[in-house]
Amino acid sequence: MAKALLKVPKTAKKGEVITLSAMFSHQMETGHRRDADGQAVPRDIISLFTCNYDGAEVFRADLFPAISAYPLMSFTTVATVSGPIIFTWTDEKGKTWTEMAEIAVEG
Amino acid sequence: MRFRPVASVALLIAFVAHVPSAKAESIPSADRKSGFDQMGPDTQAMQRDDARNPAMLAVREGEALWSEVPASGKPSCAGCHREAPVTMKGVAARYPVFDAASVRPIDITGRIQQCRTERQGAAAWPRESGPLLALTAYVGLQSRGATVEPSADTRLASFRDQGKQFFSQRIGQLNLSCAMCHDDNWGKKLGGSFIPQGHVNGYPLFRLEWQGVGSLQRRIRNCLTGVRAEPFAYGDPVLVNLELYLKERGAGLQIETPAVRP
Amino acid sequence: MTNPLLHADRRKVLITLAGAAAFASIGPANAETADMEAAIKAFTKGAPVTTGKVKIDISPLVENGNSASMGIFVDHPQTAKAFVRRIAVFNEKNPSPEVAVFHLNPRSGSSRVDTRIRLATTQHLAAVAELSDGSYWTDRREVIITIAACLEE
Numbered sequence: 001m002a003k004a005l006l007k008v009p010k011t012a013k014k015g016e017v018i019t020l021s022a023m024f025s026h027q028m029e030t031g032h033r034r035d036a037d038g039q040a041v042p043r044d045i046i047s048l049f050t051c052n053y054d055g056a057e058v059f060r061a062d063l064f065p066a067i068s069a070y071p072l073m074s075f076t077t078v079a080t081v082s083g084p085i086i087f088t089w090t091d092e093k094g095k096t097w098t099e100m101a102e103i104a105v106e107g
Numbered sequence: 001m002r003f004r005p006v007a008s009v010a011l012l013i014a015f016v017a018h019v020p021s022a023k024a025e026s027i028p029s030a031d032r033k034s035g036f037d038q039m040g041p042d043t044q045a046m047q048r049d050d051a052r053n054p055a056m057l058a059v060r061e062g063e064a065l066w067s068e069v070p071a072s073g074k075p076s077c078a079g080c081h082r083e084a085p086v087t088m089k090g091v092a093a094r095y096p097v098f099d100a101a102s103v104r105p106i107d108i109t110g111r112i113q114q115c116r117t118e119r120q121g122a123a124a125w126p127r128e129s130g131p132l133l134a135l136t137a138y139v140g141l142q143s144r145g146a147t148v149e150p151s152a153d154t155r156l157a158s159f160r161d162q163g164k165q166f167f168s169q170r171i172g173q174l175n176l177s178c179a180m181c182h183d184d185n186w187g188k189k190l191g192g193s194f195i196p197q198g199h200v201n202g203y204p205l206f207r208l209e210w211q212g213v214g215s216l217q218r219r220i221r222n223c224l225t226g227v228r229a230e231p232f233a234y235g236d237p238v239l240v241n242l243e244l245y246l247k248e249r250g251a252g253l254q255i256e257t258p259a260v261r262p
Numbered sequence: 001m002t003n004p005l006l007h008a009d010r011r012k013v014l015i016t017l018a019g020a021a022a023f024a025s026i027g028p029a030n031a032e033t034a035d036m037e038a039a040i041k042a043f044t045k046g047a048p049v050t051t052g053k054v055k056i057d058i059s060p061l062v063e064n065g066n067s068a069s070m071g072i073f074v075d076h077p078q079t080a081k082a083f084v085r086r087i088a089v090f091n092e093k094n095p096s097p098e099v100a101v102f103h104l105n106p107r108s109g110s111s112r113v114d115t116r117i118r119l120a121t122t123q124h125l126a127a128v129a130e131l132s133d134g135s136y137w138t139d140r141r142e143v144i145i146t147i148a149a150c151l152e153e
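Protein chains in written order, with our numbering: chain A, 1 to 107; chain B, 1 to 262; chain C, 1 to 153.
For the record, the hints were derived by calculation from the structure and aren't laboratory data. In this text, all values refer to a predicted model and were calculated from it rather than measured experimentally. The hints are all genuine.
DSBU-like cross-link-like pairs, simulated, lysine-lysine; straight-line CA separation at most 35 Å: (1) K3/A to K89/B; (2) K3/A to K55/C; (3) K41/C to K95/A; (4) K10/A to K93/A; (5) K7/A to K53/C.
Generate coordinates for the entire structure from the input sequences, incorporating the hints supplied.
Right, dumping it as C-alpha cells:
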C-alpha cells in the first residue's frame, strides 16, 4: 500500500495560516486484539508524528493506541517560504518513515 | 470486544421475532438508496474527502501496480489497456460480465486474476490480499460517479436468477434470507445501526469495523456468518451469481468506489 | 472460597463484567475515571486546571468506536507572545487513559487539530491545553457509541 496521503496546498500567501493533513498506512495495533487463531496480535503503533517546515518543527504529536488505524493528523502552520514540508512518522521500535510535499509561497 | 458476538446473536434473535414474512419484492428504483445516505455525517465526510479515506491508499498502490511489469517480462496492465482512466471507465458499473472461457459470469477481481495468470504469466494473488484489492479498487475508481448499468448479455440471465433465488432463500441457524433484512426491513434499526438496502456500488471499500479495505465477498461472508450460515469460500460461483443479481437490484445508483462504510 | 472481586485487578474485573452484560455500563465505574484524573494530573504536574477556552469537537453519537472524528480547538492566540504550547486528550474507559499529546508553537498558526480516535465504549473525553503562560484549561465531553449488531467475528 502507498505509505501516506498528504494534503498540502500547492501555493499560499506569505503569513497565511494553512491546513495540512497527513494520513499514514498503519494498523495502530493496540496489543489487545487476537487473530483468527486466537493468538494475541503484538502491539505495534506509531508513537510520534512530526512536521518540519522552513527549518523548524511546526507540529508534533505523541500518539497512543487510542488513535485509529490509518492515523490521520490535520493541523495548521503559517506559510513562510517556498520549499518542502516534511512529515515523519516513528514507531515504538524507532523505525521512521518520511514523506514531503512542496509548497510555493508568494509575497 | 470479545463479547460482541453474544450481543449480535441476542439482537438478531430479538429482531427475527419481529420480522414479517418475506415479501420477496425487490426495492423499486425510485426508493433505491446507497448505504452512503444512511451513514452518519462523520463517515460521509470521510468518503467525500479522498485525503481522509484510507481506501485511497489502496487506490494509490493499485495505480502503481497498473504499470508494473510482471517478473515474466510480459506486458503490464498498462501495456495492453493503456490509460486506466480512459479504458477502465464504466467497467465497475457494468461488471460482472459473461466470460466465454469459463462459460459463466466473472467479477472484476476474477478478471484481474485471469489476466495475471493467463496473459501476464504471473501467479494469482490470494483473494483479499493487498495487491488484488488495490488493483480492483483502482479499476473501480475509474467508474466513480458512473450509473450502475448491469450487463445486458442474455447469457447471464440464468446465473442472475440463481443469485436472486439465493437472495430470498432462508439460510443459517437464524433462518434468515438476505431479502428479509435488505428488501423488507431496510431503514429500520438492528441494534444501534440502520439496516442498509445492501447495495454493491462502493466496493472495494474501507469499513470502520474492519479497520481496513475489503471486498464485496468479504462483506457477504460477514453476513453469512451473521445469520450463522457457513460462509462460501472466496471466489465461489455462488458469490459471483449473487453479485450479478445485486448489481441489477441496485441499477441506477452511482458507483462510489472506494467507499467508506461503518 | 476466595472472592475474585477482592483480589483480581479491579479494573479488569469491571471491564469483564461490563462485557459479560453485553455493553452495559454497570457497577461503580470510578476506577477508570480515577485513571483518567491521574493521567491529567501527571500532564499538568498537579497545576490547577480551569474549565474553558478548549473545545472538543466530536459527534455526541459515534457509529463505530474504531474511528471517531475528533477536532480540538483552543480559543487563544497563536503568536510569539502568547500561544498554546500543548494539548493532551484523555479518555475514561479505553484500556489506557492517554489518547494523544499535540505540541504546538507560534509557527503552528492556530490551535486547531483534527484526528480520528478509538473509543471502547460510551464514555467521557477530556482535553487539557497548556498555554505559554503556564496555565491549564480543559473541556470535557460525553460520547455515546451506538451499538452495531452485525459485526465481524
